[in-house]
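*Asks:* Letter by letter, the chains look like this.
Protein chains: 2
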Amino acid sequence: MPSRGLFLNVGVNSTGYHGNSWLAPGAAWDRFVSFDHYLEVAELARAGGFAAVFLSDHPALQRAAESRPLHSLDPLVLFTALAARVPDIGFVITASSSYNSPYNLARRLASLDHISGGRVIWNVVSSFNPDIAANFGAGPLPGRAQRYRRAAEFVEVVKALWSSWDRTAGPAPEALGEPLWTDATARPIDHHGEFFDIRGPLNVPIGPQGRPLIAQAGASAAGIDLAGEHADLVYAALLGKDAARAYRDQVRERAAAHGRDPSSFRLLPGLVPIVADTTEQALRRHEQLNGHPDETALLRAFADRHGLPFDPDAVLLPELFVSEADQQGPIGFTRSLHDLVATETLTLRQLARRVDGGHRLVLGTAEAVAEQILDWWRDGVVDGYTVQPPTLPHDLRTFVRDVIPLLRAAGALSAGYPESTVRQRFALPQPLPVG
Amino acid sequence: MPSRGLFLNVGVNSTGYHGNSWLAPGAAWDRFVSFDHYLEVAELARAGGFAAVFLSDHPALQRAAESRPLHSLDPLVLFTALAARVPDIGFVITASSSYNSPYNLARRLASLDHISGGRVIWNVVSSFNPDIAANFGAGPLPGRAQRYRRAAEFVEVVKALWSSWDRTAGPAPEALGEPLWTDATARPIDHHGEFFDIRGPLNVPIGPQGRPLIAQAGASAAGIDLAGEHADLVYAALLGKDAARAYRDQVRERAAAHGRDPSSFRLLPGLVPIVADTTEQALRRHEQLNGHPDETALLRAFADRHGLPFDPDAVLLPELFVSEADQQGPIGFTRSLHDLVATETLTLRQLARRVDGGHRLVLGTAEAVAEQILDWWRDGVVDGYTVQPPTLPHDLRTFVRDVIPLLRAAGALSAGYPESTVRQRFALPQPLPVG
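The listed protein sequences correspond, in order, to chains H and C.
Here my numbering runs 5 ahead of the position in the first sequence, where the first position is 1.
Here my numbering runs 5 ahead of the position in the second sequence, where the first position is 1.
A couple of the hints might just be wrong.
Note that the list lumps identical chains together, so a pair holds whenever it fits in one copy or between two copies.
Claimed, not checked - Pairs of lysine to any residue residues, derived as SDA-like cross-links and limited to a Cα-Cα distance of at most 20 Å, are as follows:
hint	residue 1	residue 2
1	164	31
2	164	376
3	246	343
4	164	193
5	164	420
6	246	286
7	246	360
8	164	142
No wet-lab data here; the hints were simulated from the structure.
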């Protein structure tokens with residue numbers, strides 16, 4: 006067993022990870038704009054010992070109107086309000102490097118890091134959806150290469166701004182008229198790059214954890230490189246243990262290539278838990294969540310979505326799952342299916358129970374789900390998971406009630422929050438002096 | 006006496022309105038980044054029955070290092086955290102139309118309006134400081150005319166986005182697969198203007214007060230026009246009653262010209278209170294706050310700052326105060342001095358006690374301060390004030406303890422918060438159906 010703990014983050018978007026989650030029994034469908042809903046979810050997550058809550062984001066109203074709106078309240082605003090109410094837990098805030106300006110975003114995240122006592126994690130995304138681009142100008146969505154070049158420069162600038170003004174708690178000057186800061190403690194960054202020209206310094210001092218953590222979900226070569234260079238936390242769609250190990254090694258290789266300690270990031274792939282009293286009940290719930298009356302309907306829909314022949318018990322070949330290097334949408338979900346069937350022998354019937362909405366599905370009794378969670382972690386393949394409950398708050402409540410105690414009994418998850426900042430919690434290096 | 010109440014907002018930037026306020030006795034100088042400091046201030050403001058707290062903003066570290074940093078934590082983030090902790094009170098959030106994008110800002114403010122239960126007021130500024138421009142690109146600060154054209158288009162777009170998605174609390178669809186919204190309830194805005202191309206709709210539904218309120222501090226012709234067209238609350242530097250009446254009538258005229266009811270905005274000029282047990286003590290405190298040992302030093306510094314001859318008891322002529330229509334900095338502070346000496350006969354000795362940091366100074370015992378506050382309001386010249394305590398929390402505590410009870414006893418200010426949204430509190434028209 007690893008000497009360090011298991012790290013669990015939890016996705017808290019909208020009414021849940023699942024498109025049909027708005028119809029959960031006993032919960033108002035429009036709870037996706039209710040602060041009390043998110044407060045209940047965050048308090049559940051804290052009771053469960055989760056390291057952080059996570060909001061993915063797209064600044065556009067999705068077109069699929071029969072699904073719950075996955076992205077509505079702004080992550081920075083919603084998590085700031087939650088940080089003021091819920092102690093201890095961290096906040097993974099998604100914000101686009103394509104549709105923000107570095108000074109504003111660096112300042113807003115640094116402000117929340119002060120207010121929350123060092124609980125901010127910025128999830129950098131470059132935004133792949135043309136519907137987003139249409140809310141930010143007349144031009145088309147830039148290509149992947151340009152978006153990733155901008156993302157890399159954006160992160161560099163934000164990190165420079167976060168370390169540009171030392172002034173933290175310290176002695177006051179002796180008298181009026183003496184400076185509260187000097188050129189040595191508040192330094193312009195004078196950045197001039199391909200995308201940004203920014204003088205600085207930031208008008209917010211260095212915060213309680215030096216600077217906020219950075220999360221990244223790179224799956225393309227450019228994304229993995231960005232994660233290797235900058236990410237403290239890595240989120241990814243990894244469906245099989247061998248594929249996960251290979252991915253981890255790729256990020257480590259890119260980290261080393263950028264001169265970082267290859268162990269200085271934490272890998273927390275997505276995980277969708279469906280927990281029930283029996284395996285049969287969990288299988289039925291999986292079908293129901295997807296709006297299907299039985300397994301056959303589920304398998305047919307899965308085959309249709311991925312362009313597979315409907316032959317439930319024939320072995321699937323990896324060639325059936327092809328991602329294009331220049332595709333506009335995220336590469337990760339297609340690639341993870343490819344990598345899973347390349348490393349395990351699976352039929353359609355089996356594959357359809359290994360993935361839900363793109364992420365790893367773990368399905369069964371609480372004991373079976375806990376064992377699948379512990380398996381990869383014990384082997385050192387992952388540091389933990391980003392749990393995506395299909396419906397909120399229902400599936401999170403079940404998970405905290407039934408699975409968390411098993412993870413604690415196994416010695417993987419401690420009760421309480423002994424460390425105050427997320428940097429300390431994830432045992433990550435401290436690059437800056439703190440106040 | 007007016008049938009409606011007196012509205013008081015309060016400025017809560019940093020350690021106080023005054024540059025030397027970091028040195029207040031018994032308070033840590035670096036409280037400008039302490040959430041607990043702002044929480045104490047907001048709770049004091051709520052106890053005093055203030056309608057809203059207000060943060061001005063510049064996204065740049067100021068150059069005057071011997072003064073407290075006036076702008077550090079981001080107003081949107083700080084007020085979101087406070088909204089989650091302090092009930093009832095409203096939040097005037099300054100955000101620049103020159104250095105934000107309309108979709109992000111509309112969404113963030115709408116998100117907070119949901120979370121806070123309709124307590125958001127957006128203070129639109131166009132940003133006049135070249136130090137800000139240098140944090141947002143290589144280009145120079147655009148001229149006033151261009152910034153105001155952008156501001157007007159920005160506000161139009163934000164209002165359109167705020168009313169683009171009807172969906173609020175309502176019945177759920179009958180079954181899975183039915184739409185949660187339609188083209189009739191979520192409408193693209195398809196805006197194409199000089200500065201912005203934005204499709205929409207917003208991904209946040211209409212909120213509890215229809216849309217957030219808009220505040221504006223226009224002093225130039227373009228600023229007054231923008232206030233007349235869009236502002237629900239108007240903040241301005243108005244130093245004399247006759248000048249204030251003239252300004253109010255100008256905004257009313259511009260509102261009518263834009264087809265609005267001329268009574269559909271509330272005028273809340275700035276007001277700096279210095280309250281002491283005796284008038285003499287208040288005069289000495291005014292000198293001390295400004296770092297001067299006596300009145301003569303105060304008068305000399307005032308004369309130097311405004312380029313006036315040092316002749317304490319000679320009557321000042323309005324020609325001494327000239328603002329240029331194309332000046333880069335704010336026109337309001339120079340114009341308000343001009344208008345005051347044009348409508349009242351004042352010497353340097355008198356003028357230096359009528360203004361502090363650009364806004365109207367009211368100085369004396371609690372009774373004298375309360376009377377000056379009530380005077381303009383009783384005459385219908387203003388709807389209230391934006392109080393700027395010289396030091397925080399000290400001067401706000403004094404004001405709430407000594408002045409607020411007198412305003413309540415006069416029947417001007419009610420105890421408690423009978424209305425839940427700021428739109429209701431300010432008795433402003435409701436332009437949209439609410440959920």
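*Asks:* All hints are to be evaluated individually against the structure, with a verdict given for each.
*Replies:* Now the hints, each set against the structure:
1. 164 <-> 31: neither (44 Å within a copy, 35 Å between copies)
2. 164 <-> 376: Classified as neither; 39 Å inside a copy, 52 Å across copies.
3. 246 <-> 343: For residue 246 and residue 343, the Cα distance is within 20 Å only inside one copy (13 Å; across copies 75 Å).
4. 164 <-> 193: Result: close within a single copy only, 13 Å intra versus 36 Å inter.
5. 164 <-> 420: Classified as neither; 32 Å inside a copy, 47 Å across copies.
6. 246 <-> 286: Neither way: residue 246 and residue 286 sit 26 Å apart in one copy and 76 Å across, limit 20 Å.
7. 246 <-> 360: within (13 Å within a copy, 71 Å between copies)
8. 164 <-> 142: between (27 Å within a copy, 17 Å between copies)
Going through the hint list in order, the structure does not satisfy hints 1, 2, 5 and 6.
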